[in-house]
Amino acid sequence: MRAIFLAFAVLCGTCIKVQAQDLQPLLQTHAEEVAKPSRRSVGVMLDDLVASGLPQVPRFLEQWAGRSVWQGPDGVFFFGTEDGDTLVLEDVDSGETRTVPDDGYTQLRPNGGVRRVIGTALVQFQLADPDIARRQSAVESIARRPAADQLAPLVASIDGEADEELRARKIQLANFLTARFGETAEARIEAINSLAADTSVEARSVLNQILTRDTGVASTEPEGNIARILDPMEAPDDFYAELVEAGFAPAQTGPATIRAALEANIDGGTVGGVPLAQLSTDAARERAYAALARDGLAPPLVTQTTRDAALAAFVFYELYDEDNAAITEAAEAALASVEQRVAFAQAADLALDGLSLASIYFLAAIGLAITFGVMGVINMAHGEFIMMGAYTGYVIQLFIPDYTIAILVALPVAFAVTFAAGVTMERLVIRHLYHRPLETLLATFGISIALQQLAKNIFGTQARPLTSPDWLSGAWVISDVIQISYIRIAIFVLALLFLALILFVLKRTRLGLEVRAVTQNPGMAASMGINPDRINMLTFGLGSGIAGIAGVAIGLYAKVTSEMGADYIVQSFMTVVVGGVGNVWGTLAGASLIGFLQKGIEWLNPSNTLAAQTYMILFIILFIQFRPKGIVALKGRAAAD
Amino acid sequence: MRQGFLYQNPSVLWFLAALGLFTVSVVMLSEVTGVAVVSTSFVKTLGKTLCLCLVAIAMDVVWGYCGILSLGHFAFFGIGGYAIGMWLMYARTEMIVLGSLEGQVIPPTPQEVSDAIGNQIFGVVGSSEFPLIWAFADSLFLQLLMVVLVPGLLALVFGWLAFRSRVTGVYLSILTQAMTLALSLYLFQNDSGLRGNNGLSGLQNIPGFEATSQAAISVVFFVASAVALGAGYVFFAWVVSGKMGSVIKGIRDNEARVRFLGYHVESYKLFVFTITAVVSGLAGALYYPQAGIINPGEIAPIASIYLAVWVAIGGRGRLYGAVIGAAFVSLLSSWFTGGGAPDIPLGFYTIQWTDWWLVLLGVSFVAVTLFFPKGIGGLFDYLVRKP
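From first to last, the protein sequence lines are chains A and B.
If you count the first sequence from 1, position 21 lands on 2 in our numbering, and the numbers rise without skipping.
To get our numbering, take the position in the second sequence, counting from 1, and add 25.
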């Protein structure tokens, strides 16, 4: 082969300059492995290529793995690009290109296994590549598919790494690889111990990989690094099935097997001496089957006693894939400590979730706290005001394409729209029903179904989007466990703003003073020159307007439908009632209690939000029994109905 | 005594006479007698309406007479429906399963039968095990007992808790609504043991009467509903008349005063709340075999509010008002939503009543509350001269 090449080189001396730093001669020495690589043999050749230190090697490996290397009829290797019937060839060393007809040229197609080996060899080049993007992608590819042979190149590349961030990532990754594939047990244990404080998903998966285990069954306790011995009586049927699979015991004779065996052996109206008509109980069937088994017509009956005896005769165990007990012990300890930290982080995450849910409930309920709590008016249409606010936001987004401006416009417009709706409703309906609270409830309910159906008629039944601006999308990621979306933070901030605003209006303004005066004693307030009608109207408008703004906020993270108000109305009433009527702080307390409670229950039973809501409502019903006036109960004369 | 009661309440006789006349004429005109002026499906609609009237009477007693605006009585109605539905579904599935297992050489064991039934019923929610609450589903008697016991006990416990801690007025309304919401949310779950969202279906097929035509079954249920309504009417008219009735109405008008007079208000309220819940459950047990299907959506809080709407439109505080309201609004509602009402072209827009009926209902409800607090029943006051 070499002789041919030399002859060829002499002949074509002008077109190929044979120099010491050329790749082609090196390729020709391994021509056969290059042309038809196999996973086993390719390693030697790759080592040679890598050892040569030639700058062309990484490019060649990439092209080779990418099936872009072609071999000419004379055995020379080119980078080639197919173009119809012709082939654009590029010299592996000089980079000269020429176009030839593709006759006689063969494309090299290394198989998947070989490509993986090539990829691994490539990694070390990429890790030291001057282009930081390629270094990063190499590091991430290692992170995705860690393997033992990547450890050495990775460690070697750390010293030369200029970028601080990437360097830190390389060190972290090298640590992960050391934990799994380190040379000595000491090095691995040291790496494993250093993972004990790392709650990232990656670190946990490294530890779990070290701790992978297999279950097995044997007559005596086996050699090896045993994780634990299992008690077969915990799930006897499952363990027995394992025993059967391992071939240590006859198959279980369940009701189906017995039935099949009986059906197969019917003999003139009886089976095993038992008449067919009597076979409608399990006991009779077992008797018949036992008779069949005695005659050798069926496998022996496995009763509970025989099953338990078989189970007792064998040892069921879990065996670590890792042989070194010291390493698995260290990994178990590290994992336990990690899991404890994760549990804390999850608790923190849960608290954040609860906080954001509480702020949503607070936003939904605060308007109600004003109309119901302060004025004593039940407004079942409150949910529909929330819906109106959300639809206002949606309509404004149709006209203003910039989402940021749209939201900023939507908030005051939603307030104005629902304020107007609230004032209209107060003037037309509620004013006449101030002394009949139950009838207010019913009348506002009538308004609620009318408004809901109106929204359905106008906007259709499908959900409308209320898109949040870009700067609100995404999430604030604190760690792999704790994260919270920006929208929820925004809602939290909005809730705080409203709390401050309402408190300010009620406690520090003339309007607030008059509202409180009318609430406490309308007659006295009127004789002091306050117009209770006007105050009631404004208060109701304020409460409704806030519902509109809450609607925009809720619409940002939930879907806008005509039924969205109904989803919040019961919860909102609960929030107000649990918190204590007539008190903004009470509403805050109620929203927090309900928000955190619901998240807490969901955490106990994560698959089932419906159940969480059910239990929460039951809890609230019980809670009302013990504190009928809510968490923050008014005292003295204000508490009188 | 009974003579005196009927003498004092002539409206009961009037009502019974009207109901009897109505029932007899519907039966005479139904498909069973061959006249077939009233179709089977309309007989079913009328039968269902009678059941709704019964639950409306119960609602009227608890709200119009006792002043407790319960937003949970339709939940009791639904529980009654579920209780009877469980037996109907179990018994019917059992027959089908036994029929299909009959051909087998080896007779099935009870376990195999039960497994097959479970598979049929719960396959739709990905399960085949019988939940604990189906323990009595194989017995009609026990399940009928459930129709009475479950709503009764639930109302008893809930009412005892609520009345004991003096939860009144709108708070009680919200609390009962919360109870209804909790129940419907619970039933919506697939692992509630009652087929989740799918509910119970095929209830119109009465086990043991496969050969009987639906026309005959519908008439039987219609008559049964009418009898139940008549009995319920007489019973509640008796409850709200006499001394106890006065106490109950006193509680509505001024609870504190009645308490100071020495009556144990909580016991009266609890009695009314529980007994109306039981009647609601019975009404549901009669309603759902005629409807054929029950699902958690039927129990949603909105249904209980509609119940209050019917009673308010019909006229609170008079039993015939509740009957009129329930019959009028529910029949009108099915006429409008069923496409029976003609569209109104306005030139630029056509009002389709399927879309606009709820708007009309909502607005007219507000109007009734504001301007006619006595409801439709109040019209009778003009007919009867006050003594």
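Read the hints as simulated data drawn from the structure, not as lab findings.
Treat the hints loosely; a few may be bogus.
Claimed, not checked - Listing some non-contacts, in silico: residues in chain B with all C-beta distances to chain A over 12 Å: (1) Thr201; (2) Gly221; (3) Pro326; (4) Gly364; (5) Phe396.
Stated by the list, open to error - If the Cβ cut is set under 8 Å, some of the chain A residues that face chain B in the computed set are: (6) Leu243; (7) Asn246; (8) Ala258; (9) Ser318; (10) Val319; (11) Glu320; (12) Glu420; (13) Tyr538; (14) Val558.
Unchecked claim - Quick list of in silico lysine to any residue cross-link-like pairs, SDA-like style, CA-CA up to 25 Å: (15) A:Lys437 <-> B:Val182; (16) A:Lys488 <-> A:Val462; (17) A:Lys437 <-> B:Lys274; (18) A:Lys488 <-> A:Leu392; (19) B:Lys399 <-> A:His416; (20) A:Lys437 <-> B:Asp380; (21) A:Lys437 <-> B:Thr193; (22) A:Lys610 <-> B:Thr193; (23) A:Lys437 <-> B:Ala392; (24) A:Lys610 <-> A:Tyr538; (25) A:Lys488 <-> A:Asp461; (26) B:Lys274 <-> B:Ile376; (27) A:Lys488 <-> A:Arg417; (28) B:Lys399 <-> A:Pro418; (29) B:Lys399 <-> A:Arg417; (30) B:Lys274 <-> A:Gly504.
Glycine included, every Cβ here is placed at the ideal spot set by N, Cα and C.
Each hint, compared with the structure:
Distance check for B:Thr201 against chain A: the nearest CB is about 9 Å away, which does not clear 12 Å, and the non-interface claim fails. For B:Gly221, the condition that its CB be more than 12 Å from all CB atoms of chain A is violated, with the nearest at approximately 9 Å. Look at B:Pro326: its CB is around 7 Å from the nearest CB on chain A, not clear of 12 Å, so calling it non-interface is violated. With a least beta-carbon separation of about 16 Å from chain A, B:Gly364 lies farther than 12 Å from that chain, consistent with its non-interface assignment.
Its closest Cβ contact with chain A, about 9 Å, brings B:Phe396 to no more than 12 Å, contrary to its assignment away from the interface. Contact between A:Leu243 and chain B, as hinted, is supported at the beta carbon level, the nearest pair being about 6 Å apart and thus within 8 Å. Here the hint on A:Asn246 is broken, as its CB sits about 11 Å from the closest CB of chain B, past 8 Å. The beta carbon of A:Ala258 comes within 6 Å of a beta carbon in chain B, closer than 8 Å, and the hint placing it at the interface holds.
For A:Ser318, the interface hint is violated, the least distance from its beta-carbon to any beta-carbon of chain B being 36 Å, above 8 Å. Nearest Cβ of chain B to the Cβ of A:Val319: about 33 Å, over the 8 Å cut. The hint is violated. A distance limit of 8 Å between C-beta atoms decides the matter here; for A:Glu320 the minimum to chain B is near 28 Å, and the interface restraint is violated. Contact between A:Glu420 and chain B, as hinted, is supported at the beta carbon level, the nearest pair being about 5 Å apart and thus within 8 Å.
A distance limit of 8 Å between C-beta atoms decides the matter here; for A:Tyr538 the minimum to chain B is near 21 Å, and the interface restraint is violated. Interface hint at A:Val558: satisfied, since its Cβ lies 6 Å from the closest Cβ of chain B, which is below the 8 Å cut-off. The suggested pairing of A:Lys437 with B:Val182 is violated, with an alpha-carbon distance near 39 Å, which exceeds 25 Å. Between A:Lys488 and A:Val462 the CA atoms are separated by roughly 41 Å; this puts the pair beyond 25 Å, and the hint is violated.
Annotation: proposed proximity of A:Lys437 to B:Lys274 is violated, straight-line Cα distance about 41 Å (limit 25 Å). Distance restraint check for A:Lys488 and A:Leu392: the Cα-Cα separation of roughly 24 Å lies within the 25 Å cut-off, and the hinted pair is therefore satisfied. With a C-alpha separation of about 17 Å, the suggested pair B:Lys399 and A:His416 falls inside the 25 Å cut-off, and the hint holds. With a CA separation close to 8 Å, the supplied pair A:Lys437 and B:Asp380 stays within the 25 Å bound.
Of the pairs offered as hints, the one joining A:Lys437 and B:Thr193 is violated, with about 35 Å between alpha carbons and a cut-off of 25 Å exceeded. Taking the CA atoms of A:Lys610 and B:Thr193, the gap is about 11 Å. The hint holds against a cut of 25 Å. About 22 Å separates the Cα atoms of A:Lys437 and B:Ala392, which keeps this hinted pair within 25 Å; it holds. As the CA atoms of A:Lys610 and A:Tyr538 are separated by approximately 32 Å, the hinted pair breaks the 25 Å bound.
This hinted pair does not check out: A:Lys488 and A:Asp461 have alpha carbons roughly 43 Å apart, beyond 25 Å. Note on B:Lys274 and B:Ile376: the hinted pairing is violated, with a Cα-Cα distance of about 43 Å set against a maximum of 25 Å. Of the pairs offered as hints, the one joining A:Lys488 and A:Arg417 is violated, with about 28 Å between alpha carbons and a cut-off of 25 Å exceeded. A C-alpha spacing of about 16 Å is found between B:Lys399 and A:Pro418, which places the hinted pair at or below 25 Å, so the restraint holds.
Our distance criterion of 25 Å between C-alpha atoms is met by B:Lys399 and A:Arg417, whose separation comes to about 14 Å. Our distance criterion of 25 Å between C-alpha atoms is broken by B:Lys274 and A:Gly504, whose separation comes to about 30 Å.
Figure legend: structure checked against the earlier numbered hints; hints not met, in rising order: 1, 2, 3, 5, 7, 9, 10, 11, 13, 15, 16, 17, 21, 24, 25, 26, 27, 30.
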